[in-house]
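Now for the letters of each chain:
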Amino acid sequence: QSALTQPRSVSGSPGQSVTISCTGTSSDVGAYNYVSWYQQHPGEAPKLMIYDVSKRPSGVPDRFSGSKSGNTASLTISGLQAEDEADYYCCSYAGSYTEVFGTGTKVTVL
Amino acid sequence: QVQLVESGGGVVQTGGSLRLSCAASGFTFSSYGMHWVRQAPGKGLEWVAFIRHDGSNKYYADSVKGRFTISRDTSKNTLYLQMNSLGPEDTAVYYCAKAAAAGTYYFDYWGQGTLVTVSS
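Read top to bottom, the protein sequences are chains H and Y. Here my numbering is used: the first residue of the first sequence is 1, the next is one more, and so on. Here my numbering is used: the first residue of the second sequence is 1001, the next is one more, and so on.
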């Protein structure tokens, strides 16, 4: 149950796009199409942004998108906005009803 | 609307025990699996445990297996986490989170968390 690997930080100017990678193994990210992404602002609980690799819950802007290739999943934020500045965590199903989170990425809007 | 409210956090000495509660409302509690997730100060999220909707099966992270027990009381719409043999590494904010539905593997609602501090 090792944490998935994410870059520590990414940044972009308003309106630009940023992509966060999430690298796991053939036992988690590579094995299942059950990757989810969570946004967390300081002092708040995480919020679901993407589930099942690329599905967006109701109310999440369509500038958030997800994808997966092999053992690496990605979250892309297009048209970056000031309110997108937050920590982002990926999460993958790892079998036997267990989950594993990523190390987390801080997104900074310049 | 879905609400999850954790309680029971506090300061406990190394080797001690604590029981966390998560009061659920706004949905049919008995129909959904529930998770506990924790976050050490300044660190990332760590999945802790999952219990199926009917309490029939429970699953744990290796880091807490044998020390923590997840349970639920449908009559009280409450989820629990019994934590024994606590160590400083267990210091964290503990969140309860709702599974979206049977056969899904993500968390659609989260509580605000309760802080557990284990002092040596």
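By construction, these hints were calculated from the structure, which means they are not laboratory data. Source: prediction; values computed, not measured. In this text, a Cβ means the ideal position worked out from N, Cα and C, and glycines have one as well. There's no promise every hint is true.
[Unchecked claim] One side only, chain H facing chain Y, incomplete, derived with CB under 8 Å: (1) A3; (2) T5; (3) S36; (4) F64.
[Unchecked claim] Listed next, the stretches of chain Y that the computed footprint assigns to chain H, with coverage defined by at least 3 CB atoms under 8 Å from CB atoms of chain H: (5) 1044 to 1058; (6) 1110 to 1120.
Tested hints:
1. A3: Nearest chain Y Cβ about 7 Å off; hint holds.
2. T5: violated, 11 Å
3. S36: Result: holds, 4 Å to nearest chain Y Cβ.
4. F64: With a closest approach of 14 Å, the F64(H) hint is violated.
5. 1044 to 1058: Coverage by chain H holds here, the residue count being 7 at a Cβ distance below 8 Å.
6. 1110 to 1120: Coverage by chain H holds for the stretch 1110 to 1120 of chain Y (4 residues, Cβ < 8 Å).
The structure shown violates the earlier hints numbered 2 and 4.
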